[in-house]
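Chains A, B, C and D, in that order, are what the protein sequence lines are. Quick note on numbering: numbering that gives the first Met the number 0 labels position 85 of the first sequence as 84, and the sequence is numbered without any gaps. Quick note on numbering: numbering that gives the first Met the number 0 labels position 250 of the second sequence as 249, and the sequence is numbered without any gaps. Quick note on numbering: numbering that gives the first Met the number 0 labels position 41 of the third sequence as 40, and the sequence is numbered without any gaps. Quick note on numbering: numbering that gives the first Met the number 0 labels position 88 of the fourth sequence as 87, and the sequence is numbered without any gaps.
Think of the hints as simulated: they come from the structure by calculation, not from any bench. Cβ coordinates follow ideal geometry from the N, Cα and C atoms, glycine included. What you were told as hints is all true, and nothing was included just to trick you.
Partial chain C-side listing against chain D, Cβ under 7 Å, derived:
| id | residue |
| --- | --- |
| 1 | 323 |
| 2 | 331 |
| 3 | 334 |
| 4 | 372 |
| 5 | 374 |
| 6 | 375 |
| 7 | 376 |
| 8 | 377 |
| 9 | 592 |
| 10 | 604 |
From the derived model, a few chain D residues whose C-beta atoms are all more than 12 Å from chain B:
| id | residue |
| --- | --- |
| 11 | 16 |
| 12 | 32 |
| 13 | 130 |
| 14 | 163 |
| 15 | 486 |
| 16 | 508 |
| 17 | 515 |
| 18 | 604 |
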Amino acid sequence: MNDASAAPALTAQDFTSDQDVRWCPGCGDYAIVKGVRSALAEIGTPPENVVFISGIGCAARFPYYMSTYGFHTIHGRAPAFATGLKLANPELDVWVVGGDGDMLSIGGNHTFHVLRRNVDVNVLLFNNEIYGLTKGQYSPTSREGTRSPSTPLGSVDHPVAPASFALGVGARFVARTFDTAQKHLPIMMKRAQANRGASFVEILQNCIVYNDGTFDDVATKKAVDNQLFCEAGQPLIFGKELDRGIRLNRDTLDLEVVMLGENGITEDDILVHDETNRTLAGMLARLGPPDTPMAFGVLFADPTESYDSAVHAQEAAVKANADTPDLNALLRRGHTWNV
Amino acid sequence: MNDASAAPALTAQDFTSDQDVRWCPGCGDYAIVKGVRSALAEIGTPPENVVFISGIGCAARFPYYMSTYGFHTIHGRAPAFATGLKLANPELDVWVVGGDGDMLSIGGNHTFHVLRRNVDVNVLLFNNEIYGLTKGQYSPTSREGTRSPSTPLGSVDHPVAPASFALGVGARFVARTFDTAQKHLPIMMKRAQANRGASFVEILQNCIVYNDGTFDDVATKKAVDNQLFCEAGQPLIFGKELDRGIRLNRDTLDLEVVMLGENGITEDDILVHDETNRTLAGMLARLGPPDTPMAFGVLFADPTESYDSAVHAQEAAVKANADTPDLNALLRRGHTWNV
Amino acid sequence: MSGSAALDLKDVRREPLEAVVVRFAGDSGDGMQLTGGLFTEETAIAGNDLVTFPDFPAEIRAPVGTTYGVSAFQIHFGSRTVMTSGDSPDVVVCMNPAALKVNLDDLKKGGVVIADLGTFTPKNLEKAGFDTNPLEDDTLEPYRRIDIDITKLTLEAVKETGVSKRDAQRCKNMWTLGLVSWMYDRDIESTVRWLGTKFKKLPDIAAANIAALKAGHAFGETAEMPTSLPVFSINPAEFVPGEYRTATGTEALAWGMTVGTNLAGIKLVMASYPITPASSLLHVLAGLKEYNVTTFQAEDEIAAACAAIGASYGGALGVTSSSGPGVALKSEALGLAIATELPLILVNSQRAGPSTGMPTKTEQSDLFLALYGRNADSPIVILAPRSSADCFDVGVEAVRIATQFMTPVMILSDTYLVNAAEPWKLPDINDIEPFPVKFRDDPEGFHPFVRDSETGARPWVRPGTPGLEHRIGGLERAADSGNVSNDPINHQRMTDARINKVLGVADALPPQQIDEGAATGRVAVVGWGSTYGPINRAVTRVRDAGHEVSQIHLRNIWPLPKNLGELLAGFDQVLVPELNAGQLITLLRSEYLCDAKGLNKVVGQPFRIAEIEAAIHACLEN
Amino acid sequence: MSGSAALDLKDVRREPLEAVVVRFAGDSGDGMQLTGGLFTEETAIAGNDLVTFPDFPAEIRAPVGTTYGVSAFQIHFGSRTVMTSGDSPDVVVCMNPAALKVNLDDLKKGGVVIADLGTFTPKNLEKAGFDTNPLEDDTLEPYRRIDIDITKLTLEAVKETGVSKRDAQRCKNMWTLGLVSWMYDRDIESTVRWLGTKFKKLPDIAAANIAALKAGHAFGETAEMPTSLPVFSINPAEFVPGEYRTATGTEALAWGMTVGTNLAGIKLVMASYPITPASSLLHVLAGLKEYNVTTFQAEDEIAAACAAIGASYGGALGVTSSSGPGVALKSEALGLAIATELPLILVNSQRAGPSTGMPTKTEQSDLFLALYGRNADSPIVILAPRSSADCFDVGVEAVRIATQFMTPVMILSDTYLVNAAEPWKLPDINDIEPFPVKFRDDPEGFHPFVRDSETGARPWVRPGTPGLEHRIGGLERAADSGNVSNDPINHQRMTDARINKVLGVADALPPQQIDEGAATGRVAVVGWGSTYGPINRAVTRVRDAGHEVSQIHLRNIWPLPKNLGELLAGFDQVLVPELNAGQLITLLRSEYLCDAKGLNKVVGQPFRIAEIEAAIHACLEN
Ligand SMILES: Cc1ncc(C[n+]2csc(CCOP(=O)(O)OP(=O)(O)O)c2C)c(N)n1
Ligand SMILES: Cc1ncc(C[n+]2csc(CCOP(=O)(O)OP(=O)(O)O)c2C)c(N)n1
Ligand code: SF4
Ligand code: SF4
Ligand SMILES: [Mg+2]
Ligand SMILES: [Mg+2]
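Okay, chain A solo, but in the shape it has when bound (with noise of 0.2 Å):
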């Protein structure tokens, strides 16, 4: 399906499509679209071959603003119709994009399931931790005391971490990154592209209307100092200066920041990431700040066969072993009798 050598070099501009592009001057998903139209270019699977597939919300919009294949479905079911385009048709890479209500309100239980049966779909969820399209309403990911039209005094609930949810229904692959990080988007992308079997990005992204600078703690240019890049075994180290390190310690089974250098830490002292390590997984999904910066990086990633592909092996291995399906025989199957 995707031979890119044969192909002429694929650009962002071959996958952006001819539709004005409606978000809100300033919105974070500016800049995820550009991201994901130059990783594309680079994985460099012909346009016809993608489909992005998404719920509704500001967020959801997304699939007009692709010249590939796409589907503005319903609120929350993406990942449903995602599953069944694969059962259709596994060859297709595929693309499920929504936001923070849409995936983990309305939509969680499609969320949970897509990822614990490991479709092989990308699924990207971007977290403004609000509601946009609905003008404001606070979100599971909003933090406690947000104040909004529905929550005028403050919400009360515990928001969840996406990253955690993903990994406690069984995600085989998590990756965080956010909306401005144009270096560091791509390659999310393509790593959750190469991974076959449900990939999970989570997008930090500014929704400058209704949540502006929510994130400006850890994903901005000035944040560096709460920004811990994660990468395969690589100590966490992070830092303008690159002087912090990430420990583990013992004793609370907790991750703590250390100064490197300060009472004798030295880099042996600093974890190094390990993507197949679950528990570590969890401890990473899990920092922020005050206290430690936030992750970023593909937090686990411990692929196996996907459930789209067993089930198309399972059915190659029945059509192997019969006959040529002859639809009289289908009728006759068991007892008939002749008048």
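Assemble the complex: chain A is given as a structure, and chains B, C and D with the ligands must be docked to it using the hints.
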């Protein structure tokens, strides 16, 4: 509400309704209902203040057999009904009962959100790894390869571990027990009931008709070598001879089984259970045969204010600051004029 | 003591019958469904026409001996055409007191009760809720009773095979089958063969079952027979020559849709979530992988519907299936299929409601839901099979309509059709004209919402087709490009186009036939779906009595056949029997302003012929 | 240059008008909704009757200058009763070329266009899709045009306040408001006060806005005024004396339900999930905690419905609310409320569909969904408010019916009612008879499904009540104990009881009134919901022209008023205008076999009076 000292002592009989129990002979649900009744008698909340809310399934027939208030609702939605009930009346002692299909397949999202919000209800998930009531199709907890009417050649999707799920979505109380554990199960019920906030208890349950013996290796008398009963502050020791323990492998960040006395291993090497440690809870939730025992007990308990109590506190504060509500004034908020 | 020995005696004193209704009833663990199934097989081989109807308890396996644990299987068979599973049984076999308790009221006065004496213990009587032993008081006075200690006789019969007592007792149903087979002069050879195959790996169990079967048969044949045991002969029915089988509605529908997608040249992707009584469709299709059928058990009904739509978007035919509450859950997704104009089949196996209702009982009460159960003006095609054999044709037809008109189609089956079985003359698939799907692949002048001038269908494009990349969705689409449009006129145009496309399906349909009787007359009895059998029998009887009554039975609920209004106008009165509170009648009244009268029954059970007959007579007296 | 200075000049050459329609249109960021709201306030104070209708773009904040980013606010006001937001505007204020592009077609021929010259730059013209500048070609020939460089004049006016250029430009809308206020002789004092309060913490912003407002006003007043600027005077309308306010339908409905639950003596628990245009009900109720209102934003619509039912089970009144696809999702849960006979209110703010459709546009197409959108026979009560003020009464009424009959009630609102505002004479709550809920607390003879002989309602029991512990659920319930029952006769009895209970609500309703005209005549125009205004105006006009036409407007969709059939029979023809493809008409035809004709419009916008007038005339010509 719960002044047990003044009331006459309650017995399990006081929690038994007059309805014929309609589970299959030998079903694990019989043991569960017995254990729950005796726990309730010990807890001592008067039956009129106890409500059982269930979805649909064999497990979900539970309320009919309790002489408390009961609401047998629709498939998968019991947590949502329970949330509404707690908002209407926070004084009630509300229990939510359902099977693995009810709570993790169709109802996964509501289980997710009732736990995330930390609504003060006790969620009992009867996990028999099968759809009982609809005659034996595989469920999201069925093991890979399960042959069932809908998967005649064996299922190919990966099961979810209910306790991992609960931890991932942010539950603050997660416990595990099994149907025939007639001592342990009531203790778990009491712990769950005492926790203010959402309590999640997975109860392994044998479906004698459609999935007989799935838990034979962990949930029978003979299985004692595979049972790790976790108690806060106690070392994680198990086995008929109490000669095995759980140690943290600090390199792989994994739990491993060690033999006390072998290779110089003493109790000091054994991990001590800390109910408040989410990382440990995550590792315990994942334990299971063949290489490790299955963990039972309160895996995680880190209480905080419940959703319903926070909602009611917010309302009480408004009411305390407001004048006596006057309906005419309500209509006349803002600008009015006289003609 | 072989089957053929029995045959020698057969002419002696058998009472000839035209048709008979037998019900086997026992505890869930007594194997009544199996017994019924094997008797059906013997009866089919004997050349009778037949209809069967199993009645499962709501509980999986209720405590032994309880009334709610009783499982029953009814078979109606005869030498004439049999259209229903029978109003009330002529014979009830009761394997325990609970079975007697539950089934006695249905038995015809003067009918035969066969009761297993051995189970009428004080404990069992109490469980069944009998104060006194009905075999010892006058309870059975109005009936012909045959008390046999089947338990004891079975244990004796299988003693030699050396199986355990528990296994021996499990053979009671085969002993009973042997007896009933003797009563109706059935050949037990097919059953003997079946048992041999079934228990190939457990030869002693096979031997025990066969021994019991033969003992029951011999019990009738020999002098052990109580003098009151009635025996009958039923001549073979007249069948159109051909190859026959029995099939339930679910089997026939599964095969029909599979044949349909094969004739269309596409894959069938069935996504469903288990629910009684719809689950069996998923089970049957799960076994048809070699026919290009993929099945997917989704996390819920919504996901199932969405996955089916996703599959249709991918160029397969998405099929989804549910009952009652599960169908209600699919409403929103169905709206998207309507909006994006993708093919889809939704099989609704109706059951008694509202809400969870009575999940194992039959009802026809989702016609409103099918027609109107979505936000906004959301037309779909609705088909209703009339019998289990008709399910096959409807299955093929639904595929044809869905793919050629790019529209969702709902099939209204019900608990009765799901479970009922009848002989079916097998079609030759080569006689069916294939209807291959033509996917659009030419980019020249392509617009995803420009319609076929004849069918009104938009083009079907498989993602993966170069040059046709486009976006669709649930926001209103511009009439050509499919791009999001809030243009007022466009919305009117698209609303009209959706409505007219579905109405246009009627142009491609044959006109509505009169199923029985003349094209005009005093009363037209208009029904739909699974009530065909009882209505047909009732109309036939009233016609035989010399009245001008006709039957019009609808398979096409929406769009309605174009000539229907005209047909109805030809009758003085229109009677609409339905297993609901009045749904088709509402549609007919509003469409044709015809003052139809309803005959409505909502008890979870099919119509009895007599009820419909009475209603027709009431009309005639008007 | 104060407001009162303007008043001095007012009599000079003002053209007297009975009523006028003004539309403010501009970019989403231009503050048109605010401008319209403040102008409404001034107009209410001036004593005119009025109806307003905001028209939001589908996008949150589309790129500046695009046509799909245009936001509009229309106000219809006059010295006579005003019933609609106006067929077509007499005046359109266009803050940029896109606003002109989108709105020009609606403007009356000869109407006034006020355009901000300063925004007609080549770039903006291109964004709006103009090839040439419409101010420079003959596009505006048929209209009276007033080109003013509002941008420039605003910048000048606020210069002295020293605000940034960006903030200065944001004052354009106030300048415009000042001008239009002058044109219609409105006092700007209330706006000045509002700006002072609103920007209390930003005094320079307040000063700038006020300066712009006054400058716009003075522009009219002084010699700077272009000679073509028309000015008008509109006398106060006649109002019944009393205290008035303006309210949107959502506000009135929220208050109505809150008053209702307070009169019932119970808590209101509102559980919802955001969706356009329903969300605002959640927002309003979230601010009413001191009135014993709890709100809950659930994870989805299903959970919202279930939580509301759970609250009702707990002894509060559960309310849930949604639109289109979200209402469809609640179908299954609604079935459970019907089965368990618990009170519930479901507010459906209808929008254009099917599927996601056009979320910000109005439509009346969920009547079928309300009536029939559930599995099995599942009756509920359906009410439809006719105006924003009527929403209050319907809110109270819905609480009364739900709690006294133990039934779900669906309220059919729509996008128009949600957003439209009109003056409302405030009732005195003390005039409304309270209807306190009597919870059952006596264990003596208690059975959860034994009904009240008058209402047919079962008892409402609060969990926590000693001695009344019982279990309910969605499986069919025995007619007394509520225990699970598969008994056939019981199912019929319960089905009938559910249907009859809901039908019985009609006994407690006042008979249907003729809203306009005589009780018999040539044409009855039968409508429901938000179309009341345009139908009323159309009927009045045709009556004024001397024809026998009457208006019958339904608030009770189900059960229908008992006298409706009789009323309809009094007319030669029945015309049913609906913003759907024909839904109420289907009900009326099937109920009364009345050959009603539909006037159907599905464009996402309210009826124009003229459309209905034309349809009535067409009937009269028959
Ligand atoms: C069934 C249904 N329920 C509700 C809505 C309304 N709705 C549209 S988008 C949305 C949530 C948007 O939030 P999110 O998914 O976080 O996306 P964002 O707009 O923030 O990108 C909601 C509630 C809908 N369209 N359909
Ligand atoms: C909406 C809906 N979908 C499906 C069903 C059918 N159904 C009833 S119970 C059940 C699953 C039962 O499995 P589980 O929850 O594990 O309970 P168990 O019977 O094993 O105790 C299903 C699919 C239903 N009643 N309602
Ligand atoms: S509302 Fe927020 S998320 Fe939506 S387009 Fe605007 S800025 Fe982006
Ligand atoms: S089917 Fe299984 S879970 Fe259900 S009652 Fe029977 S044994 Fe228990
Ligand atoms: Mg969001
Ligand atoms: Mg289960």
